[in-house]
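Asker: Sequence:
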Amino acid sequence: MPLRYSPRATVLRIALAGALAIVAREVPAQSASAPLSLSLDAALRLAGGSSEQVALARAGEQRSRGLLAQARSAFLPTVNTTLNWQKQLQNQFAAASRGSGDTGGGGADTTGGAAQNPFTRIFASQYNFNFGLTASQTLFNAGTSASVRAARLGRESAEIGITTAQTQVQLDVTQSYYDALLADRLVTISDSALVQSERALRQVQLTRSVGSASEFELIRAQVTRDNQRPAWLRERTNRELAYVRLRQLLNVAEDRSLALTDSIVEATVVAPTAAATIPSTVNVAASDVLLIDPAVQARVARTVAGSDTTASRRAPVRQALRGLEVAQQQLKVSKAQRLPTLAATTNYQRLAYPIGVLPTALTDFLPNWTVGVGLSYPIFTGGRVRGDILAAQAGVIEAQQRLRQAEEGAALDARSSTLRLTEAEATWQASVGTAEQAQRAYTIAEVRFREGISTQLELSETRVQLQQALGNRARASRDLQVARKRLELLRDLPLSVGSPTSTGSIP
40 MPLRYSPRAT VLRIALAGAL AIVAREVPAQ SASAPLSLSL DAALRLAGGS SEQVALARAG
100 EQRSRGLLAQ ARSAFLPTVN TTLNWQKQLQ NQFAAASRGS GDTGGGGADT TGGAAQNPFT
160 RIFASQYNFN FGLTASQTLF NAGTSASVRA ARLGRESAEI GITTAQTQVQ LDVTQSYYDA
220 LLADRLVTIS DSALVQSERA LRQVQLTRSV GSASEFELIR AQVTRDNQRP AWLRERTNRE
280 LAYVRLRQLL NVAEDRSLAL TDSIVEATVV APTAAATIPS TVNVAASDVL LIDPAVQARV
340 ARTVAGSDTT ASRRAPVRQA LRGLEVAQQQ LKVSKAQRLP TLAATTNYQR LAYPIGVLPT
400 ALTDFLPNWT VGVGLSYPIF TGGRVRGDIL AAQAGVIEAQ QRLRQAEEGA ALDARSSTLR
460 LTEAEATWQA SVGTAEQAQR AYTIAEVRFR EGISTQLELS ETRVQLQQAL GNRARASRDL
520 QVARKRLELL RDLPLSVGSP TSTGSIP
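Going by my numbering, the letters in the sequence shown line up with residues 40 to 546, in that order.
The set of hints was computed from the structure by calculation and includes no laboratory data.
A hint or two may mislead.
To be verified - Once the Cα atoms are required to be at most 25 Å apart in a straight line, the calculated DMTMM-like pairs of lysine to aspartate or glutamate come out as:
1. 524 - 462
2. 374 - 427
3. 371 - 301
4. 524 - 347
5. 524 - 223
6. 374 - 437
7. 524 - 198
8. 524 - 301
9. 524 - 91
10. 524 - 279
11. 371 - 437
12. 374 - 364
13. 126 - 403
14. 524 - 254
15. 371 - 80
16. 371 - 211
17. 524 - 211
18. 524 - 437
19. 371 - 91
20. 524 - 403
21. 524 - 447
As the list claims (entries may be wrong) - The following label-pair restraints were derived from C-beta to C-beta distances:
22. 478 - 340: 49 to 55 Å
23. 436 - 388: 47 to 53 Å
24. 91 - 478: 39 to 45 Å
25. 405 - 371: 28 to 34 Å
26. 436 - 296: 15 to 21 Å
27. 237 - 334: 39 to 45 Å
28. 122 - 418: 33 to 39 Å
29. 158 - 421: 42 to 48 Å
30. 418 - 124: 15 to 21 Å
Every residue gets a Cβ at the ideal spot worked out from N, C-alpha and C, and that includes glycine.
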């Protein structure tokens with residue numbers, strides 16, 4: 040059958056295709072989540088309640104509370120109840136009673152004599168029903184108080200651990216936040232360098248087309264452009280990894296993009312300018328060059344004054360001190376094993392010996408109640424107590440040495456943090472103006488190259504200097520921010536002296 044052209048069907052197909060295209064464009068836009076705008080303060084709040092480190096520290100604190108409750112239970116009585124039912128298939132007392140012809144009173148045998156004799160009924164009963172209530176209370180145990188004190192100190196140490204974990208998370212988030220900002224800045228610098236290399240290549244291609252540039256200059260421009268691309272790709276990879284790390288610390292979905300609102304670059308510090316004088320000599324005094332700016336030292340001093348750098352107040356030192364006290368209490372517990380233990384006990388029972396399977400009345404239950412006081416004293420334990428004491432003494436020595444190491448490490452850590460802040464402040468001040476001067480130099484070099492006054496080598500060297508100056512300034516700003524935050528949180532941070540440093544030389 041020949042096909043007929045239908046204008047109406049064609050219009051419908053065109054309209055349907057257009058609608059599908061619009062839907063295809065709008066569906067991804069609607070499904071894609073909007074970027075999460077995030078400042079550093081918001082990131083710190085977001086990480087505070089979702090950190091795995093803090094959750095682990097809280098679990099440790101909960102365990103210490105459980106251990107403390109276990110230790111305190113030694114001061115309280117223990118009460119247990121029992122309920123037993125028993126059937127004896129063969130009973131020696133019943134057999135003896137039948138063999139001797141028990142009459143219940145020593146005389147002639149009567150009907151039901153064995154059942155009427157209470158002693159025969161108790162011992163020869165086929166069924167036993169027993170309900171008991173037992174209570175005990177320790178009256179004296181020299182190691183109980185020491186165990187409770189050790190458990191209490193362990194809980195205090197665990198609480199310090201929670202504070203340490205929360206503070207470490209704040210520093211980690213701060214560092215990752217500025218790492219991401221630094222990665223953004225380095226990608227921007229790398230993008231600009233790649234674009235500049237491409238622009239220089241096209242300029243050489245243009246001059247080559249009119250015969251003003253040699254093939255050597257063209258090849259060198261192409262190599263310069265191609266060498267810039269791996270660095271550009273590397274910076275983009277580093278940025279992606281930095282954002283992945285930040286999302287992991289904040290427990291944000293992997294497909295959720297982040298928009299960081301804070302800036303990594305601080306306001307430019309204007310260095311004081313001296314009066315213009317005509318130099319009369321080129322001699323350089325080492326004392327003038329090898330000197331840290333007093334303004335830097337003043338800013339560092341203000342930051343240090345607002346931070347707590349006392350070694351005895353550091354969280355690791357306080358934890359080590361609690362560990363020493365716990366070891367001392369455990370030594371007391373071990374020594375207390377040589378002392379006697381005094382305890383009071385009571386046992387109340389209701390016993391029934393029914394003729395049938397179960398008792399039929401409350402009068403079938405016979406009372407049985409005992410009280411007692413017990414004294415136990417270890418005469419010979421085969422060296423177990425002595426071994427426990429030796430092990431506890433070794434634990435005290437180890438705790439003392441760990442406390443000493445923590446105090447020394449805290450003092451070194453405080454000094455290291457102060458020196459790193461000084462280094463970051465001085466590096467940041469040294470970078471002030473360098474990037475602007477490098478940008479101005481590259482602009483001049485580009486004009487000179489375009490006018491044919493300078494060579495491509497001069498342009499490439501100036502571009503490298505600009506890229507280095509911009510990168511150094513961004514890194515210096517990141518290092519300064521992290522160093523300040525670290526000194527601010529130093530009191531509750533774990534010791535980090537000797538640990539590997541991350542990007543930017545700030546641990």
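Asker: Run every hint past the structure and note whether it holds.
Answerer: Here is what the structure says about each hint:
no., hint, in the structure
1, 524 - 462, "holds (15 Å)"
2, 374 - 427, "holds (8 Å)"
3, 371 - 301, "violated (55 Å)"
4, 524 - 347, "holds (12 Å)"
5, 524 - 223, "holds (21 Å)"
6, 374 - 437, "holds (18 Å)"
7, 524 - 198, "holds (23 Å)"
8, 524 - 301, "holds (15 Å)"
9, 524 - 91, "holds (21 Å)"
10, 524 - 279, "holds (24 Å)"
11, 371 - 437, "holds (16 Å)"
12, 374 - 364, "holds (15 Å)"
13, 126 - 403, "holds (16 Å)"
14, 524 - 254, "violated (54 Å)"
15, 371 - 80, "violated (47 Å)"
16, 371 - 211, "violated (40 Å)"
17, 524 - 211, "holds (10 Å)"
18, 524 - 437, "violated (33 Å)"
19, 371 - 91, "violated (36 Å)"
20, 524 - 403, "violated (79 Å)"
21, 524 - 447, "holds (22 Å)"
22, 478 - 340: 49 to 55 Å, "violated (33 Å)"
23, 436 - 388: 47 to 53 Å, "holds (51 Å)"
24, 91 - 478: 39 to 45 Å, "holds (44 Å)"
25, 405 - 371: 28 to 34 Å, "violated (47 Å)"
26, 436 - 296: 15 to 21 Å, "violated (54 Å)"
27, 237 - 334: 39 to 45 Å, "holds (41 Å)"
28, 122 - 418: 33 to 39 Å, "holds (37 Å)"
29, 158 - 421: 42 to 48 Å, "holds (45 Å)"
30, 418 - 124: 15 to 21 Å, "violated (40 Å)"
When held up to the earlier numbered hints, the structure conflicts with 3, 14, 15, 16, 18, 19, 20, 22, 25, 26 and 30 and fits the remainder.
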